[in-house]
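**Q** Here are the chains, one letter per residue:
Number of protein chains: 2
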Amino acid sequence: MRNILGANDDIAAQNRKVFAEHGVIVMNLMGSPGSGKTTLLEQTLARFADKIKIVVIEGDLFTAKDAERIEKSGVDVIQINTAGGCHLDAPMIQKVCASLDLDALDLIIVENVGNLVCPAEFDLGENFKAVVLSITEGDDKPLKYPLIFKESEAVLLNKVDLLPFTNFNLESARNDLTTLHPTIKIFETSCTTGAGLETWCAWLLKKLEAR
Amino acid sequence: MRNILGANDDIAAQNRKVFAEHGVIVMNLMGSPGSGKTTLLEQTLARFADKIKIVVIEGDLFTAKDAERIEKSGVDVIQINTAGGCHLDAPMIQKVCASLDLDALDLIIVENVGNLVCPAEFDLGENFKAVVLSITEGDDKPLKYPLIFKESEAVLLNKVDLLPFTNFNLESARNDLTTLHPTIKIFETSCTTGAGLETWCAWLLKKLEAR
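If you read the sequences in order, they're chains A and B.
Positions 1 to 211 (my numbering) are the ones given, in order, by the first sequence.
Positions 1 to 211 (my numbering) are the ones given, in order, by the second sequence.
Honestly, the hints are just simulated from the structure, not real lab data.
Just to be clear, a hint being listed does not mean it is correct.
Quick list of in silico lysine-lysine cross-link-like pairs, DSS-like style, CA-CA up to 25 Å [said to hold, decoys possible]: (1) A:Lys-17 with A:Lys-53; (2) A:Lys-65 with B:Lys-150; (3) A:Lys-150 with B:Lys-65.
Only chain A is shown next, with the shape it has when bound in the complex:
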């Protein structure tokens, strides 16, 4: 396992160097199955249309269901099927990025496999990670799955429209998140009502401007 991670880190460092040379920012978006990553991307892409050049890399076990959804937004999508594998790794990203004209791009968004555990262990060479946590998953998840929240610069507490129908305690979740990771940026979002999406997109845009 240490060897696998070591080899992965070497290629992640190469990826990071290449992305920097070409001035493209890469976000690794993670979260449980059904936390709302793909819908969040659809909403994010709709707000960025024509402003910036984006490619989405979709990680899935077998299907291209998410890639087909993203394609409808008019953004180029590359599908990686892991054939049952529980996470993306740096060699997969290196391989698909070799075919991209990176100079023509501002942002690559990698939607990782739906999994709150394994993706956090594999550096892809991204500039930053973000994690989507659905309100319906419960406020105990940051402490139960700490690594992914420690590794992520931003967390989206998603589906806040469902707050009235759950026992999710926002204050408790915020406390746990900042205990684990004091500088983590916390967004409260809903792709049903649109809540928080402008703030999230503005933050993402700022990350691009800071290049």
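For this one, chain A is given, so just place chain B on it according to the hints.
**A** Just chain B now, with coordinates in the frame of chain A:
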């Protein structure tokens, strides 16, 4: 990887033999983080109190949060912390079961690590697997994460009280599930309203009577 799975399968077979010799039924309960596994167990145990002798084995990365919840129901709990590992395996189960008086037990419920991918690959020596899928995770999940649904004898479509607030299509989910696994038993449950819980518990009790 093949070696790891091979070694795991050997010990799983030993576990299965031991469980059969002592007449104890073992259920491996799986599902995404926040699908509602622990709450379902709380509700299930409450309905089984005094009827049958149960031990719960709780798999978590680091914390004992779920075990503490189950303990309140008066049922014995054993905590396995995987130290970041994304699934339980057969040696972990073998180790903790060595300290149990299996003859005194009817049922062992193993709550696996919250993960819709990796736990499905590791046989624990259980009699059967069941998977919890929350309505809020979306109806596309069976086809996106097929192995866990192929491996499970039962699926609980959980949190059906949230159906009116989501775009989950029950018919589509049922079709996909039975396409993947024609004999899978499908329950529609809610631990908020209690819907489907009696049917689920009756099925579980029948599994015990069939010993």
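**Q** With reference to the structure, classify each hint as holding or not holding.
**A** Hints and how they fare:
Between Lys-17 (chain A) and Lys-53 (chain A) the CA atoms are separated by roughly 20 Å; this keeps the pair inside 25 Å, and the hint holds. Proposed proximity of Lys-65 (chain A) and Lys-150 (chain B) is supported: the alpha carbons are some 19 Å apart, at most 25 Å. Our distance criterion of 25 Å between C-alpha atoms is met by Lys-150 (chain A) and Lys-65 (chain B), whose separation comes to about 19 Å.
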